[in-house]
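S.K.: Okay, here's what each chain looks like letter by letter:
Number of protein chains: 2
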Amino acid sequence: MSILITGAAGFIGSNLVKVFLEQKKIVFGIDNLSRGDLSNLDFAKDNNNFHFKVLNILDFQEFNNFIKEKHLISPIQEVWHLAANSDIPAGIINAEVDLNDTFMTTFNTLQLMKEFNIPIIVFASSSAIYGNLGEKKLVEDIGPLFPISNYGAMKLASEVAISASVESHLKQAFIFRFPNVIGIPATHGVIIDFINKLIETPNNLNVLGDGTQQKTYLHIEELIDAMLFIRKYSAEKISFFNIGADDEGASVKFIAEEVRNVVSPSASITYGDGNKGWVGDVPKFTYSIDKLRSLGWSPKLSSLESVRKAINQIYKDRLK
Amino acid sequence: MSILITGAAGFIGSNLVKVFLEQKKIVFGIDNLSRGDLSNLDFAKDNNNFHFKVLNILDFQEFNNFIKEKHLISPIQEVWHLAANSDIPAGIINAEVDLNDTFMTTFNTLQLMKEFNIPIIVFASSSAIYGNLGEKKLVEDIGPLFPISNYGAMKLASEVAISASVESHLKQAFIFRFPNVIGIPATHGVIIDFINKLIETPNNLNVLGDGTQQKTYLHIEELIDAMLFIRKYSAEKISFFNIGADDEGASVKFIAEEVRNVVSPSASITYGDGNKGWVGDVPKFTYSIDKLRSLGWSPKLSSLESVRKAINQIYKDRLK
Numbered sequence: 002m003s004i005l006i007t008g009a010a011g012f013i014g015s016n017l018v019k020v021f022l023e024q025k026k027i028v029f030g031i032d033n034l035s036r037g038d039l040s041n042l043d044f045a046k047d048n049n050n051f052h053f054k055v056l057n058i059l060d061f062q063e064f065n066n067f068i069k070e071k072h073l074i075s076p077i078q079e080v081w082h083l084a085a086n087s088d089i090p091a092g093i094i095n096a097e098v099d100l101n102d103t104f105m106t107t108f109n110t111l112q113l114m115k116e117f118n119i120p121i122i123v124f125a126s127s128s129a130i131y132g133n134l135g136e137k138k139l140v141e142d143i144g145p146l147f148p149i150s151n152y153g154a155m156k157l158a159s160e161v162a163i164s165a166s167v168e169s170h171l172k173q174a175f176i177f178r179f180p181n182v183i184g185i186p187a188t189h190g191v192i193i194d195f196i197n198k199l200i201e202t203p204n205n206l207n208v209l210g211d212g213t214q215q216k217t218y219l220h221i222e223e224l225i226d227a228m229l230f231i232r233k234y235s236a237e238k239i240s241f242f243n244i245g246a247d248d249e250g251a252s253v254k255f256i257a258e259e260v261r262n263v264v265s266p267s268a269s270i271t272y273g274d275g276n277k278g279w280v281g282d283v284p285k286f287t288y289s290i291d292k293l294r295s296l297g298w299s300p301k302l303s304s305l306e307s308v309r310k311a312i313n314q315i316y317k318d319r320l321k
Numbered sequence: 002m003s004i005l006i007t008g009a010a011g012f013i014g015s016n017l018v019k020v021f022l023e024q025k026k027i028v029f030g031i032d033n034l035s036r037g038d039l040s041n042l043d044f045a046k047d048n049n050n051f052h053f054k055v056l057n058i059l060d061f062q063e064f065n066n067f068i069k070e071k072h073l074i075s076p077i078q079e080v081w082h083l084a085a086n087s088d089i090p091a092g093i094i095n096a097e098v099d100l101n102d103t104f105m106t107t108f109n110t111l112q113l114m115k116e117f118n119i120p121i122i123v124f125a126s127s128s129a130i131y132g133n134l135g136e137k138k139l140v141e142d143i144g145p146l147f148p149i150s151n152y153g154a155m156k157l158a159s160e161v162a163i164s165a166s167v168e169s170h171l172k173q174a175f176i177f178r179f180p181n182v183i184g185i186p187a188t189h190g191v192i193i194d195f196i197n198k199l200i201e202t203p204n205n206l207n208v209l210g211d212g213t214q215q216k217t218y219l220h221i222e223e224l225i226d227a228m229l230f231i232r233k234y235s236a237e238k239i240s241f242f243n244i245g246a247d248d249e250g251a252s253v254k255f256i257a258e259e260v261r262n263v264v265s266p267s268a269s270i271t272y273g274d275g276n277k278g279w280v281g282d283v284p285k286f287t288y289s290i291d292k293l294r295s296l297g298w299s300p301k302l303s304s305l306e307s308v309r310k311a312i313n314q315i316y317k318d319r320l321k
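Residue numbers (the working numbering), protein chains in the order written: chain Y, 2 to 321; chain E, 2 to 321.
Some hints could be false.
Where chains are identical, the list cannot tell them apart; a pair therefore holds if satisfied intra-copy or between any two copies.
[Said to hold, decoys possible] Below, simulated DSSO-like cross-link-like pairs (lysine-lysine); rule was C-alpha separation at most 27 angstroms, straight line:
hint, residue 1, residue 2
1, K292, K137
2, K172, K137
3, K238, K115
4, K292, K233
5, K292, K138
6, K19, K310
7, K115, K46
8, K238, K138
9, K115, K317
Please keep in mind that the hints were generated in silico from the structure rather than gathered at the bench.
Since the model is a prediction, treat every value here as computed from it, not as a measurement.
Extracted from the complex, chain Y is given alone in its bound form (with noise of 0.2 angstroms):
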């Protein structure tokens, strides 16, 4: 029996190779390299249980003809599908982002495991799906759903194109909504944003916005431990969790200090107008994680702490 990631070399997918192979499980990964990056997996690269392809999932014929071979010699129990896009602004521009590197990864994805009867899929989703519900408390069954970013959107579509497949061939399907993850390897994100302005001009940091913006941040570390826990415990044809810090989350200002302090103590911060980054970002919500704690799984850091955790790694990173 053998695990198949998508999105191998990505931020997420990475660490949960790293996971995986510690299990002694054993691994097939794929990736376009389009946001992932190979040296993410030099550890992995002498482990007989990894078998990785650079391959991108729209080219339906290659995905086929991986899965059927790798089929062949140990049979696929479940994917673990992360391919995606994780540039929002990007998708703003072009809505066709979203659609091929989002949705259609996942309508792919759900093809070829009918094909090839795959019974489980365990899909990365995020708290975009909520779009701007105001100050209403963000709990998994909440609606209406109106995502306000094609990002949310496609996460969306490929939630319910799973709901459908659950009802037709899938045996289950894990649906996580992620917060904002954090931790290195980083690809993108406010962090390692900031530490780059840094690193560019030490004087002065240049905030997008009035710095109000406040979300809530999970350390990667947590997120996988949470993901594992979930998918150990919950038997639910359709396990449908928020994944998320359990609190007030952390301010653009907090971070942008945090990082000022670490990387260039003496620089000015300037703030802009606003707390609303871009078209599609929400400005501020609450995320529920009640049902994950009622499950038995609560984050061992705060938000602060996280970003906190973060910051040190990205740099340390940043500066090898």
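Given chain Y's structure and the hints, the job is docking chain E onto it.
M.R.: Frame of chain Y; chain E shown alone:
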């Protein structure tokens, strides 16, 4: 100012064309004729305010050229997007049917609305987006939304692509969640199936399932009336409404008996087992139209009355 109707030669599209032409509006219609039929538009062919083209929305370049040309004649102010797969079982067998005919038609339409600054979309969604929520009353903001058919999934995927577009470029969106709509020109559905079966074998009507399956039905004339009412009186950026009958619905047994009484009164009726017609078919649900009623609209016919009216119209049409 003009209106573009996609799926203009279909059941609902052709009825809408009629109403808008009566209102002296300029109407552009397209249809790929995969399920629609040109004869449905016979009444409009000599009307100078109606411009129809056989066109597949999936052919993006041709669709682009069409809108560009029509936009010069009379700027398109709103799109009534009805082009979609309407055959739920077809999408269960092959997920690409709903992907292409429902979701990708919406995606391409939104792309061109952005390109040509067309501000308003009206979208024909479905009660199928709600999946199987058991005994819960289906109000518009219920969750979680896990459709059990690709049909429902791609309708919901279309809704959320629209919601992301409202944030980025649309001025307003109207999302109408249809129940089973009946009337003429009938293209598919249980009534025409039963009529055809009884014409073929006048002694016996063989019913799939045990006949207890119960759904609400709305007559096309009421549906059109409700859509125009919401379009006129709802001012939300995203106006999303269930449209339906306000009752317990009609059972398959009721429909079978009514069709029998009209088509072949002496025929016997035989039933199968179970109350689920096919994978992806929701057995029973209670549809709330409280939101629509609050806006000021209620149906004049019950499900039973709509079924009776439609049976007579469809049978008469079938005998022509």
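S.K.: Checking an output row: K292 and K137, CA cutoff 27 angstroms. Within, between, both or neither?
M.R.: Result: close both inside a copy and across copies, 16 angstroms intra and 20 angstroms inter.
S.K.: Indicate which option fits the pair K292, K233 if close means a Cα-Cα distance not exceeding 27 angstroms: within, between, both or neither.
M.R.: Within one copy only: 15 angstroms inside, 41 angstroms across.
S.K.: One pair to classify: K292 and K138, alpha carbons no more than 27 angstroms apart. Within, between, both, or neither?
M.R.: both (13 angstroms within a copy, 23 angstroms between copies)
S.K.: One pair to classify: K115 and K317, alpha carbons no more than 27 angstroms apart. Within, between, both, or neither?
M.R.: For K115 and K317, neither the intra-copy (44 angstroms) nor the inter-copy (43 angstroms) Cα distance is at most 27 angstroms.
S.K.: Between the shortest in-copy and the shortest cross-copy C-alpha distance, which are at most 27 angstroms for K238 and K138: within, between, both, or neither?
M.R.: Both. Shortest intra-copy (25 angstroms) and inter-copy (22 angstroms) distances satisfy the 27 angstroms Cα cut-off.
S.K.: With identical chains treated as interchangeable, where does the CA-CA distance between K238 and K115 reach 27 angstroms or less: within a copy, between copies, both, or neither?
M.R.: within (16 angstroms within a copy, 38 angstroms between copies)
S.K.: Within a copy, between copies, both or neither: which one fits K172 and K137 at a CA-CA cutoff of 27 angstroms?
M.R.: For K172 and K137, only the inter-copy Cα distance (25 angstroms) is at most 27 angstroms; the intra-copy one is 33 angstroms.
S.K.: From the Cα coordinates, with 27 angstroms as the cut-off, is the pair K115 and K46 best called within, between, both, or neither?
M.R.: neither (30 angstroms within a copy, 45 angstroms between copies)
S.K.: My question is about K19 and K310: at a cut-off of 27 angstroms on alpha-carbon distance, are they close within one copy, between copies, both, or neither?
M.R.: The answer is within: 20 angstroms in one copy meets 27 angstroms, while 64 angstroms across copies does not.
In terms of the numbered hints stated before, the structure departs from hints 7, 9, listed from lowest to highest.
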